[in-house]
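Participant: Each chain is listed here by its residues.
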Amino acid sequence: MKKDTKQIKGDRDIQLFIGSLLRWGVLLSMAVVIFGGIVYLYRHGQTTIDYSKFKGEPSLTSKFVDIIEGVFAFKGRAIIQLGIILLIATPIARVLTSAIGFVAEKDYLYVTITLVVLAIIMFSMLGGFGG
Amino acid sequence: MTVLVLTLIILVGAYVAGLVGSLTGLGGGVVIIPLLSILLHVNIHYAIGASLVSVIATSSGSAAAYVKEGITNMRLGMFLEIATTSGAITGAVLAKYLPVQYIAILFGVVLIFSAVTSLIKRADYIERKKSKPAEVLKLNGTYPSNGEPIAYNVTNVGGGFLMMILAGAMSGLLGIGSGALKVVAMDGIMRVPFKVSTTTSNFMIGVTAAASAVFYLQRGYIDPGLAMPVVIGVLLGAFTGSKILVHSQSKKLKYFFAIVVTVLAIQMIYKGISGTL
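Going down the list, the sequences are from chains A and B.
Residue 3 in this note's numbering is what sits at position 3 of the first sequence, and the numbering runs on without skipping anything.
Residue 227 in this note's numbering is what sits at position 227 of the second sequence, and the numbering runs on without skipping anything.
Do not take every clue at face value.
To be verified - In silico DSSO-like cross-links for lysine-lysine, where the CA-CA straight-line distance does not exceed 27 Å:
(1) B:96 with A:55
(2) B:251 with B:121
(3) B:251 with A:53
No wet-lab data here; the hints were simulated from the structure.
Keep in mind that this is a model prediction, so the values were computed, not measured.
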């Protein structure tokens, strides 16, 4: 093996950090989802509901600004949705961390590859297909 | 049905789905979708949206453990994520235009394929041949086995990349992790040792699902009231499954679940063809 030991050690540090990032991201978002769920069930537990038809989502739970507003108004569904956004952000934060790690290792090929992945996700977010 | 009753039913169902998904290696998503759409008559778009969220949770949760063990090939994962995320977005856009019936039929087909591949014993193979693209992209690596690092090479990078675009598209279209297709790409085409391919595929699933989830969120496919019990249940079920797996690896159990999943898949296909979904 002539693989650079410095690179292996750098990889190891990033791996440990990414492991913690993923774990705490999942735990935090689950805590928010559970908290929102309790608020939602407490308020609307006895309402009847039907999911058999797709209604399109009210902006309370599909537009970021409205979700934040709903959270401050202490709306259960908005709090759950915030938790889900944190969950979606967790693997994206992982990609960002890898990019920083590759910069530290001066592995510019992989800095580029990581940025391409981030750009694709940004494209999905801002591409306006969602409307 | 009241919100409270439905939430409790889904919570239990999602727990079972997460457990079965973890024990069979199929993932929670492929089990929860037929459960929601066939048994509880949930609209398939909502079912897919909720499943996608649970896929991110289970994949990130288990990747956290795998990454620390140092088996995951992060460069290989990162490189192939270009394929899976662009595939995922294509799939998510398709989901908007494809009639619900076709989505159900396609789902059933992928489900049967996943059930069959979950039963095939995967050979542990170490590739010795060197390939130029793999060397340029630094995809070859080592993984620890009994304290010793084992070196392996990766071949057929282009073929694997193409297969990953398809896996990503299925993930974005059907709201699943599509682990079975990722295994085909990495084990079958790129000849990655299965310990490495299992953990690396799992590592990629979260980002792939996140890429289409941002789209699904804007589109209104992710309903918080539904996603909440699904994500909590599947995550707890998968966690329980990961603890059981260490103690027992019953072959009969695997066959039993594969049959159950196949029956669900046939029902999805039937409902799709008859238009009763």
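Participant: Each hint needs a verdict: does it hold in this structure or not?
Facilitator: Status of each hint after checking the structure:
A C-alpha spacing of about 14 Å is found between residue 96 (chain B) and residue 55 (chain A), which places the hinted pair at or below 27 Å, so the restraint holds. Restraint check for residue 251 (chain B) and residue 121 (chain B): satisfied, since their Cα atoms lie roughly 11 Å apart, inside the 27 Å limit. Under the criterion of a C-alpha separation no larger than 27 Å, the hint pairing residue 251 (chain B) with residue 53 (chain A) is inconsistent with the structure, at around 40 Å.
The structure fails to meet hint 3 from the earlier list, while all remaining hints are met.
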